[in-house]
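Keeping the supplied structure of chain A fixed, place chain B upon it in accordance with the hints.
Taken in order, these protein sequences are the chains called A and B.
Each residue of the first sequence is one higher than the one before, counting from 1 in the working numbering.
Each residue of the second sequence is one higher than the one before, counting from 362 in the working numbering.
Take these hints with a grain of salt, some might be off.
Said to hold, decoys possible - If you want the footprint, here are the derived chain A segments under chain B, 3+ residues with CB under 8 Å:
# : segment
1 : 73-87
2 : 160-174
3 : 284-296
4 : 302-316
As the list claims (entries may be wrong) - Computed, partial: chain B to chain A, Cβ under 8 Å:
#  : residue
5  : A399
6  : K402
7  : D407
8  : P428
9  : R432
10 : F442
11 : Y511
12 : A654
13 : G671
14 : Y672
15 : S673
Said to hold, decoys possible - Label-pair ranges, simulated between beta-carbon atoms:
#  : chain 1 : residue 1 : chain 2 : residue 2 : range
16 : B       : R632      : A       : R291      : 27 to 35 Å
17 : A       : P85       : B       : A709      : 30 to 38 Å
18 : A       : P179      : B       : A651      : 51 to 59 Å
In case anyone wonders, no lab produced these hints; they're calculated from the structure.
For each residue, glycine too, the CB sits at the ideal point set by N, CA and C.
There are 2 protein chains.
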Amino acid sequence: MSLAFTVEASDGAARLGRLETAHGTVKTPAFMPVGTQAAVKGLTVDTVRASGAQVVLGNTYHLMLRPGAERIARLGGLHRFMNWPGPILTDSGGFQVMSLARLRTVADDGVVFRAHTDGTRHHLTPAGAVEIQHALGSDVTMVLDECTPYPASEAEAAASMRRSMRWAALSKAAFVPRPGHGIFGIVQGGVFPGLRAESAAALVEIGFDGYAVGGLAVGEGQARMLAVLDGLGGALPAERPRYLMGVGTPDDIVEAVRRGIDLFDCVLPTRSGRTARAYTSAGTLNMRNARHAEDPAPLDAACACPTCAGYSRAYLHHLFRCGEMLGPILLSQHNLFFYQRLMADLRAAIAAGRLADFRTA
Amino acid sequence: MSLAFTVEASDGAARLGRLETAHGTVKTPAFMPVGTQAAVKGLTVDTVRASGAQVVLGNTYHLMLRPGAERIARLGGLHRFMNWPGPILTDSGGFQVMSLARLRTVADDGVVFRAHTDGTRHHLTPAGAVEIQHALGSDVTMVLDECTPYPASEAEAAASMRRSMRWAALSKAAFVPRPGHGIFGIVQGGVFPGLRAESAAALVEIGFDGYAVGGLAVGEGQARMLAVLDGLGGALPAERPRYLMGVGTPDDIVEAVRRGIDLFDCVLPTRSGRTARAYTSAGTLNMRNARHAEDPAPLDAACACPTCAGYSRAYLHHLFRCGEMLGPILLSQHNLFFYQRLMADLRAAIAAGRLADFRTA
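Same shape as in the complex, but just chain A (with noise of 0.2 Å):
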């Protein structure tokens, strides 16, 4: 494989784990900072390391629009374009393509779409997602696949996932394998288990470096979504490592850490950061409450963070009642830091086998 990964511990399903990509080692399990427009919103690349964060996610449908992936190749490639020197796993566009883009026609040989941002028409192949992620110098690449909308019949789910493994065969063939480089497929099948088990029997048949369960935290809630992982058991490969797409809470990457995954990504650091939304060891708290605005406690006793060592709620709330940039800013650092440090604890708590007794707020 061209992705090493050793699983150096378990705890039940749980693994802790190395994946050693070209640009560095990714301590498993891990959450990904989602890095949308080659830009971790409102974070610089320092802070996003400061957090304790080991790789970063790029979008594909993003950056072939803007600035456009032969950009970035002449420009030295996404790691010196954005200036992260780490490891950079970038998702295939699909999943964008289905919840951003206008007048989408799937076919078997791709999506054809224009862009949510200027209308251009784009055509997108299997093979052509790929070879944007080589352009983009991506250490993760992953394969076109249909997200499956939710909820879908039985019968909409088996179409779309077949056609899903059929780009993911074509995907691989057209991958280029280079050491520290890998490709990983994703599972799909929405919530039906026969289907699932499907979809993951004919991506280990096409091998890959890593396998990814897609097509969750759709709408269809947490239990659905263990129900899921619970239902793949045995079917991905344990030396490879297993990546959730799009998740999640931090109690749902407790759980599915509990159900053998190894890797996440999620906007919802950021996102809840410019909304106001704090995560903290006792739960999430709204800065915009008027019950912060004279509270000289930091967001998170619990936490070192630059955010906590500096600032009260007071503050933050200010801040986001006044429409201070400031605010988004301060909060999306907190909330990055809070998710880097929930996995450093995941990983010990496997590394000494407690994962029974770990607990988020």
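Coordinates of chain B only, in the frame set by chain A:
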């Protein structure tokens, strides 16, 4: 005097000085970033400090409305509230009342207005403005003044200036001297040399820790602004700091330093940073301009700021094109570093007696 000020060297009319406050020393000439609402827009205090800024400005008008001076006092004062341990100068609110508030009524005892934020009615008096600044914990308090509109007739400018001089006396009377804290008077009088001289004499008669020049940079143009400074000549005491309020561009600052000004404040570095305008040693750049789209160079090869160390013009262009908030953050950071580097270069030029050769781009 409550604020020690030492002139360590001079070069023509320009001076190299040290202003000692309760929260530290300010080497002059100095530029004060504007923290209107207890935040320098888009920048953490760590970044503000790293830029070389020694003192920041807070706005009495904004802070009395949100979150309120008494609340800031209960939370330990403005230094602790905004996590800035260095010196703070606060303006008196006079300028913002004129530019932002609604239904203003100016009378001899002060100004009645309705807040632009929520329409609440307030009565700001000279003594009240000083008491608010005491509650904030300001190192340097400014007298309440009426910012004379531009253009104004000589009669209008005279009446406005004389009212401001009466307010200056009332402000001084309300000021409670403490070591390391001081109060500055503000010279008004529009573009009329006789009125400016009368105003300066009136303030010197009252006696202040420093003397500000107000009512400029309001549309009169650089030539008239510098003519006012030239006209003041020796009217301001040489042993006290001089502060040109709300100024300005790099060139404005250099020309005012040549005329003996020691302190400056302006929103330009951060406002320009939010609107894609970059200050560089080769002039200003509009980062939205398409010519930057593939430029791998930093904003300014001569700049040592974190933005120039890590990011290309192409990347900054991309961020502004996408509306990513990291664009304003990185560009505000650069612009503030640029301004602080300008001030350090000016101080070095004065110390070396080479200010006559000093050139900006």
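Worksheet entry | P179 of chain A versus A651 of chain B beta-carbon gap, inside 51 to 59 Å or not | The hint (51 to 59 Å, Cβ to Cβ) is violated, given that P179 of chain A and A651 of chain B are roughly 38 Å apart.
Item to complete: Tell me if chain B covers the segment 284-296 of chain A under the three-residue, 8 Å CB rule, please?
Response: Satisfied; 3 residues make the cut.
Worksheet item: Hint check: is the beta carbon of Y511 of chain B less than 8 Å from a beta carbon of chain A?
Response: 29 Å, violated
Discussion item. Tell me whether the statement that chain B covers the segment 73-87 of chain A is true, taking a Cβ distance below 8 Å and needing three residues at minimum.
Written reply: As far as the segment 73-87 of chain A goes, the hint holds, because 6 residues have Cβ atoms under 8 Å from chain B.
Worksheet item: In terms of beta carbon proximity below 8 Å, does the segment 302-316 of chain A have 3 or more residues touching chain B?
Response: Since 6 is at least three, the answer is holds.
Worksheet item: Any CB of chain A closer than 8 Å to the CB of Y672 of chain B?
Response: 6 Å, holds
Worksheet item: Against chain A, is R432 of chain B within 8 Å by beta-carbon distance?
Response: 6 Å, holds
Practice prompt. Verify the interface restraint on D407 of chain B: the C-beta must sit less than 8 Å from at least one C-beta of chain A.
Written response: Result: holds, 7 Å to nearest chain A Cβ.
Worksheet item: Hey, does the K402 of chain B contact hint survive, CB to chain A under 8 Å?
Response: 6 Å, holds
Worksheet item: Against chain B, does the segment 160-174 of chain A show at least 3 residues with beta-carbon separation below 8 Å?
Response: violated (count 0)
Worksheet item: Is it true that the C-beta distance of R632 of chain B to R291 of chain A lies inside 27 to 35 Å, as the hint says?
Response: Since R632 of chain B and R291 of chain A have Cβ atoms about 33 Å apart, the given range 27 to 35 Å holds.
Worksheet item: Does the CB of F442 of chain B sit less than 8 Å away from some CB of chain A?
Response: 6 Å, holds
Comparing the model with each earlier hint shows violations of hints 2, 11 and 18; every other hint is respected.
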